[in-house]
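J.: Here's the letter readout for the chains.
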Amino acid sequence: MRPVDEPKVGLVVVSHSEMLASGIAELAAQMAPHVAVLPVGGTPDGGLGTDYESVCGALVGADSGAGVVVLYDLGSAKMTAEMAVESADDAARYAVVDAPLVEGAVAAAVAAQGGARLRDVAAAAEGASGEAPVRASAAPARRSLHLVTDPVSVEIELNNDVGLHARPAALLARTVAELDADVVVRYGESEASAASVLALMGLGAPGGGSVEVIATGKDAREAVRRIEELAERGFDD
Amino acid sequence: MTCTAEGVVSALRAAVAVVIAHRDELVRLDREIGDGDHGENMRRGFTALLSRLDSEPPATPGSALKLVATTLISTVGGAAGPLYGTAFLRAASAVGDATALDGPAVAKALRGALDGVVARGKAEVGDKTMVDALTPAVAAAEAAGDDMVAVLVAAADAADAGAESTVPLVARKGRASYLGERSADHLDPGARSTALLLRAFADAAQSDERAQR
Ligand SMILES: [Mg+2]
Chain A
1 MRPVDEPKVG LVVVSHSEML ASGIAELAAQ MAPHVAVLPV GGTPDGGLGT DYESVCGALV
61 GADSGAGVVV LYDLGSAKMT AEMAVESADD AARYAVVDAP LVEGAVAAAV AAQGGARLRD
121 VAAAAEGASG EAPVRASAAP ARRSLHLVTD PVSVEIELNN DVGLHARPAA LLARTVAELD
181 ADVVVRYGES EASAASVLAL MGLGAPGGGS VEVIATGKDA REAVRRIEEL AERGFDD
Chain B
1 MTCTAEGVVS ALRAAVAVVI AHRDELVRLD REIGDGDHGE NMRRGFTALL SRLDSEPPAT
61 PGSALKLVAT TLISTVGGAA GPLYGTAFLR AASAVGDATA LDGPAVAKAL RGALDGVVAR
121 GKAEVGDKTM VDALTPAVAA AEAAGDDMVA VLVAAADAAD AGAESTVPLV ARKGRASYLG
181 ERSADHLDPG ARSTALLLRA FADAAQSDER AQR
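Line by line, the protein sequences are chains A and B. Position 35 (the first sequence) corresponds to 35 in the numbering used here; numbering is contiguous. Position 130 (the second sequence) corresponds to 130 in the numbering used here; numbering is contiguous.
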């Protein structure tokens, strides 16, 4: 693990509405206490719109050294964000991402809190769409795929306090991210891809509960082993 | 005839007056198929431009165009800010440090503006946006020859026709695209404001020319 005091990627939420930007920033920051999540919304006179100067200011304000992911609501907020990034001294420090605003902000905040780098935080936001947990019974195609490729599965006890909440979910996702394995976590009737922090959190698996981990692919065994080990350590809580 | 910094500034002042005069029309057009802010956003941006033209009189055509860009970017607050901002910024770099613009230089500035708008907004002809007014305007300007006034008049005429051509279109970009088929039978406010600006520039150039005779 990286040291706790290493700078974390910041987030800027650009919306036409000050209330919307603030609400989303509040929601995302709740999951990521050490991540700077700055809302920018509305025009200086309190109307709806996006203000270029405010976005420029927020880019600087949210950057604690690891860069900033920028999320936006509608087209002109995107254009304003892109202009602000282009005019920055070092445009490579900023990533304007096309993501569902609420889910993307939460996923990005969680990834940033977990110490992910700029590229990975951006990917977490972008990958936040369509990754919600699916009912296992509603995904027969996926299950049959696991059968033909000889899945490795194991039952895991969540012996930490919070279960698969933000940080443990992020840890689990990161643990298997580099492996060549398709990992699914099942809790009750729902299952989630281990590639999606948000989907894992969405399972709502509590501390003291247990989940089934099903892995397929070349590194399936290693993926299961790593997750078991992580759970045995109580997710480093 | 060519266009010096003074000529560009007088064309910009004319544009400010036109934008203010058409504020309500642009609000109405944008209310029909968008969020209704275009007229007020344009008025805010161009009013700010007027005071900056007074306080920081530009020395070259390029610096005048750049002043428009930075003012609109920081004051408009809607899609028109980044779009017109990028357009004027690219127009400014197209003319460089030239002290006077002839017809081809104006056409080059317009081409830069169009390229900027397309790069920023990713719209194509037929999407029901300002690109539908600006694209034919650039083509007409490039075919209009050496005379600066003739180039601007050709651009303004083509932009008017291009803006009109947006009426039957279904929007594929911007807020209006959320309306789908219901966006048809309306004039696009961005195309309209582009046509208004080019007409203001052409009228200003023509009246400057008459005054010099
Ligand atoms: Mg609008």
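What the hints contain is simulated information worked out from the structure, not anything from laboratory work. Just so you know, even glycine gets a beta-carbon here, dropped at the ideal spot from N, CA and C. Please note: incorrect hints may appear among the correct ones.
Stated by the list, open to error - Incomplete in silico selection of chain B near chain A, CB under 7 Å: (1) 79; (2) 82; (3) 120.
J.: Please go over all the hints and tell whether each is borne out by the structure.
T.: Comparing the hints with the structure gives:
1. 79: Hint holds; residue 79 (chain B) Cβ to chain A Cβ min 4 Å, cut 7 Å.
2. 82: Given a least distance of 4 Å, the restraint on residue 82 (chain B) holds.
3. 120: 6 Å, holds
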